[in-house]
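Read off the chains here:
Protein chains: 2
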Amino acid sequence: MKTAHSTQTHVPMINAARLSTRLHAMAQIGATGNGGVNRQALTAEDTSGRRLLLEWAAGRGYTSAVDPIGNLYIRRPGIRPELSPVMTGSHLDSQPTGGNYDGVFGVLAGLEVLETLDDFGVATERPLELVVWMNEEGSRFSPPTMGSAVAAGAIPLDRALATLDRNGVNVGEALAMQMAELPPLAARPLDARGYAYIEAHIEQGPILEDENCDIGIVSGIQGLHAYQVEVRGAEAHAGTTPLRHRKDALVAAMSLIARIRSEIADPLDVLRFTVGKFEVAPGASSTVPGKVTFLIDLRHPDPEHLAQTGAKILRLCSGQVENCGVSAKVLLQSTPVQFDEKVVAVVREATARRQLKSMRMISGATHDAKYMAGHTPTAMIFVPCEKGISHNEAEHARDEDLAAGAQILCDAMLAVMSVEKN
Amino acid sequence: MKTAHSTQTHVPMINAARLSTRLHAMAQIGATGNGGVNRQALTAEDTSGRRLLLEWAAGRGYTSAVDPIGNLYIRRPGIRPELSPVMTGSHLDSQPTGGNYDGVFGVLAGLEVLETLDDFGVATERPLELVVWMNEEGSRFSPPTMGSAVAAGAIPLDRALATLDRNGVNVGEALAMQMAELPPLAARPLDARGYAYIEAHIEQGPILEDENCDIGIVSGIQGLHAYQVEVRGAEAHAGTTPLRHRKDALVAAMSLIARIRSEIADPLDVLRFTVGKFEVAPGASSTVPGKVTFLIDLRHPDPEHLAQTGAKILRLCSGQVENCGVSAKVLLQSTPVQFDEKVVAVVREATARRQLKSMRMISGATHDAKYMAGHTPTAMIFVPCEKGISHNEAEHARDEDLAAGAQILCDAMLAVMSVEKN
Numbered sequence: 004m005k006t007a008h009s010t011q012t013h014v015p016m017i018n019a020a021r022l023s024t025r026l027h028a029m030a031q032i033g034a035t036g037n038g039g040v041n042r043q044a045l046t047a048e049d050t051s052g053r054r055l056l057l058e059w060a061a062g063r064g065y066t067s068a069v070d071p072i073g074n075l076y077i078r079r080p081g082i083r084p085e086l087s088p089v090m091t092g093s094h095l096d097s098q099p100t101g102g103n104y105d106g107v108f109g110v111l112a113g114l115e116v117l118e119t120l121d122d123f124g125v126a127t128e129r130p131l132e133l134v135v136w137m138n139e140e141g142s143r144f145s146p147p148t149m150g151s152a153v154a155a156g157a158i159p160l161d162r163a164l165a166t167l168d169r170n171g172v173n174v175g176e177a178l179a180m181q182m183a184e185l186p187p188l189a190a191r192p193l194d195a196r197g198y199a200y201i202e203a204h205i206e207q208g209p210i211l212e213d214e215n216c217d218i219g220i221v222s223g224i225q226g227l228h229a230y231q232v233e234v235r236g237a238e239a240h241a242g243t244t245p246l247r248h249r250k251d252a253l254v255a256a257m258s259l260i261a262r263i264r265s266e267i268a269d270p271l272d273v274l275r276f277t278v279g280k281f282e283v284a285p286g287a288s289s290t291v292p293g294k295v296t297f298l299i300d301l302r303h304p305d306p307e308h309l310a311q312t313g314a315k316i317l318r319l320c321s322g323q324v325e326n327c328g329v330s331a332k333v334l335l336q337s338t339p340v341q342f343d344e345k346v347v348a349v350v351r352e353a354t355a356r357r358q359l360k361s362m363r364m365i366s367g368a369t370h371d372a373k374y375m376a377g378h379t380p381t382a383m384i385f386v387p388c389e390k391g392i393s394h395n396e397a398e399h400a401r402d403e404d405l406a407a408g409a410q411i412l413c414d415a416m417l418a419v420m421s422v423e424k425n
Numbered sequence: 004m005k006t007a008h009s010t011q012t013h014v015p016m017i018n019a020a021r022l023s024t025r026l027h028a029m030a031q032i033g034a035t036g037n038g039g040v041n042r043q044a045l046t047a048e049d050t051s052g053r054r055l056l057l058e059w060a061a062g063r064g065y066t067s068a069v070d071p072i073g074n075l076y077i078r079r080p081g082i083r084p085e086l087s088p089v090m091t092g093s094h095l096d097s098q099p100t101g102g103n104y105d106g107v108f109g110v111l112a113g114l115e116v117l118e119t120l121d122d123f124g125v126a127t128e129r130p131l132e133l134v135v136w137m138n139e140e141g142s143r144f145s146p147p148t149m150g151s152a153v154a155a156g157a158i159p160l161d162r163a164l165a166t167l168d169r170n171g172v173n174v175g176e177a178l179a180m181q182m183a184e185l186p187p188l189a190a191r192p193l194d195a196r197g198y199a200y201i202e203a204h205i206e207q208g209p210i211l212e213d214e215n216c217d218i219g220i221v222s223g224i225q226g227l228h229a230y231q232v233e234v235r236g237a238e239a240h241a242g243t244t245p246l247r248h249r250k251d252a253l254v255a256a257m258s259l260i261a262r263i264r265s266e267i268a269d270p271l272d273v274l275r276f277t278v279g280k281f282e283v284a285p286g287a288s289s290t291v292p293g294k295v296t297f298l299i300d301l302r303h304p305d306p307e308h309l310a311q312t313g314a315k316i317l318r319l320c321s322g323q324v325e326n327c328g329v330s331a332k333v334l335l336q337s338t339p340v341q342f343d344e345k346v347v348a349v350v351r352e353a354t355a356r357r358q359l360k361s362m363r364m365i366s367g368a369t370h371d372a373k374y375m376a377g378h379t380p381t382a383m384i385f386v387p388c389e390k391g392i393s394h395n396e397a398e399h400a401r402d403e404d405l406a407a408g409a410q411i412l413c414d415a416m417l418a419v420m421s422v423e424k425n
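Protein chains in written order, with the working numbering: chain A, 4 to 425; chain B, 4 to 425.
Possibly wrong hints are sitting among the right ones.
Identical chains share a label here; the pair holds if one copy fits it or two copies do between them.
[Said to hold, decoys possible] In silico lysine to any residue, SDA-like type, Cα no more than 25 Å apart, as pairs:
| id | residue 1 | residue 2 |
| --- | --- | --- |
| 1 | K280 | N170 |
| 2 | K280 | P209 |
| 3 | K345 | G141 |
| 4 | K280 | R169 |
| 5 | K280 | R318 |
| 6 | K390 | I210 |
I should point out that these hints are in silico values taken from the structure, not numbers from a laboratory. Please read all numbers here as calculations on a predicted model, not as lab measurements.
Next up, chain A with everything else stripped away, as it sits in the complex:
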């Protein structure tokens, strides 16, 4: 075996066919029949996915462990086992109608890195670790990125274990059921710190495809505010009530949203303002709406811009609009995360060496890397996905893009070992 830095003669090349085969195998587990998967956290399907991954890992002699919240750690030893590991990871759980790449790609790209190093006989000073985070999606148990949040101390373990799904099953019970179905795993304390963490993921947006880029060098995750707005008018008969007498909550809500959109308009198109949930009551064709409730999802990479925009929205959503009362409450105010510039530079240099077309970008979606960044130098690698479609069974990414992403992950995990920490 050779160490990664001692020679340039063997540049480890990942096995694109193996990666593709494994992505297809994983897509069978929880397949919905409509091109996607339903493999929600700690379900039987999630257990099957983890079992398959553990079999592949055991086949190469890697050791596996689990922490108290159900994050799996698959370890390839280093020459100096006392050193902290270089880590990668993502998730195997999916949305109820999820795609075949969201999360899975990062996990299988990580496994591919470990195996590639074995294929090429490369020994590394530091151990390598692949983490499979518990419940990234948050669709069965809320909130999302639960496993990485607990490992980072952002959510107390007890509270996470007590989280109920809609059938009244809690995370602790569901996790115990999963563990009973998996091969015995070493217990590991709740500590996910490493020398560095690099996560590969599909972009879940259209920017890389639009810019004709192979790789996104992800320098951070934008912040997210969520607000619930209520507009209160008065129900009235649609046939009899003159417009001047009405307190039409729908008309007021539309006017309010138009005003917000106009006042926060961002010519750079970096700000993300979305009203995705919008409910009109009582919802009868011949009744003037008495109440509208809607959610605002607001994101921006710059914490100050986000805070100012959020405050402006809250001001607009109070008092009276078009004869109706308006109020808003804050559901979530999560600040933007900046990744480690040294690790980001390692990813950028890796794409340059491979002569791939890349761009620096901010992640619009949240990821487990957000919590890793709190305690471990972190970056992410994005690969394009078709039309940016994700959280959708039609999600698709090309084999060559996935292979390029796995290769950059491999190169960057090796290169980051020689970077001195700040």
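Fit chain B to the given chain A structure using the hints.
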């Protein structure tokens, strides 16, 4: 007993206390606890309401019958049973969050007329009939005024019976269940024709109150067009998708409605434009809406104005709006209805004789009287309701106004017998 025309010595006076007591009793059936009722067509609550009415009718010896679509007919015999009856009627079904007067007042005012004539020992040449129409509101089974439409031949019986509610129960099944719970009723063919039809109803609008009038002499019903509009965009991730890339169906729908409102604006405030049902899919906070479906309710008393406005709306609802596809379909195009001027005159003269302040008006809401007017000389009597609030649990009408309306109904039903038909 005396015949109505043979003497002026006994002017039958309705019993306001009895009417009020019965309105309160009926308001208990399906009471929501918030001041209103949920007594939708052919539900257990509707059955209970009909059972109570049938008990009151049987207590006075009136005979009851039901037609194949579930309209109830309560008959007080005439001296000459071969003559066609003078009819009144309304409905006992309510909106899901309905008030205590909409429909119920007309039914109980009709019963009050029959009983008053008995109290005063008045025999009439013609029979009197009180009809309780099936499914006036259309909230459980669409469309509204179903029973009167079927009786008038405007909707085929088979189609009406096959209409499904949101749980997949059809009208025929629900009606059979109701019949099994009611005392046995004589079957009556599908024919609601009478000598005249006069329906009493709360105004459901603010005009009588604004004009300080006791009685509205209703000369017709404005026309109603209903359209279903679909706006098709594309679902996308709220965090990752730049606004310029979005096909946000909610943004497009709001822009479309604002444009329609601006282009059809009526400075006279006679046109009624309402979007009461408005549904956003998939309705997830972090997903850009892919589809919006909404209903337009459009009303105007002038048939040409209504037709032109409807055509303008259909033009605006086709093609592309803000990057999304838009299409509309016509659910209903009901032209304005003119009531019979002789029957309208009878109502006007009755209010004059009682020295009540009245005004001629067009009904903004639709009523079963619309279909009756197609085959039987028809008019309506409106009484004021507080602030015009209706289709709302806060709906309220004053006892003295309700009593005045019932008295005019009584007077007009007697007087109309001596009017010769055209």
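Evaluated hints:
Proximity of K280 and N170 under a CA criterion of 25 Å is satisfied in both settings, with 19 Å inside one chain copy and 24 Å between copies. Taking identical chains as interchangeable, the C-alpha atoms of K280 and P209 lie at most 25 Å apart only when both belong to the same chain, with a minimum of 22 Å there against 33 Å between chains. Neither within a single protomer nor between protomers do K345 and G141 lie at most 25 Å apart by alpha-carbon distance, with minima of 31 Å and 66 Å respectively. When the C-alpha separation of K280 and R169 is checked against a cutoff of 25 Å, the pair qualifies both within a copy, at 15 Å, and between copies, at 22 Å.
When the C-alpha separation of K280 and R318 is checked against a cutoff of 25 Å, the pair qualifies only within one copy, where the shortest distance is 21 Å, while the shortest distance between copies is 28 Å. Taking the shortest Cα distances, K390 and I210 sit within 25 Å of each other inside one copy (9 Å), while across copies they are farther apart (54 Å).
Hint compliance for this structure: hint 3 is the single one not met.
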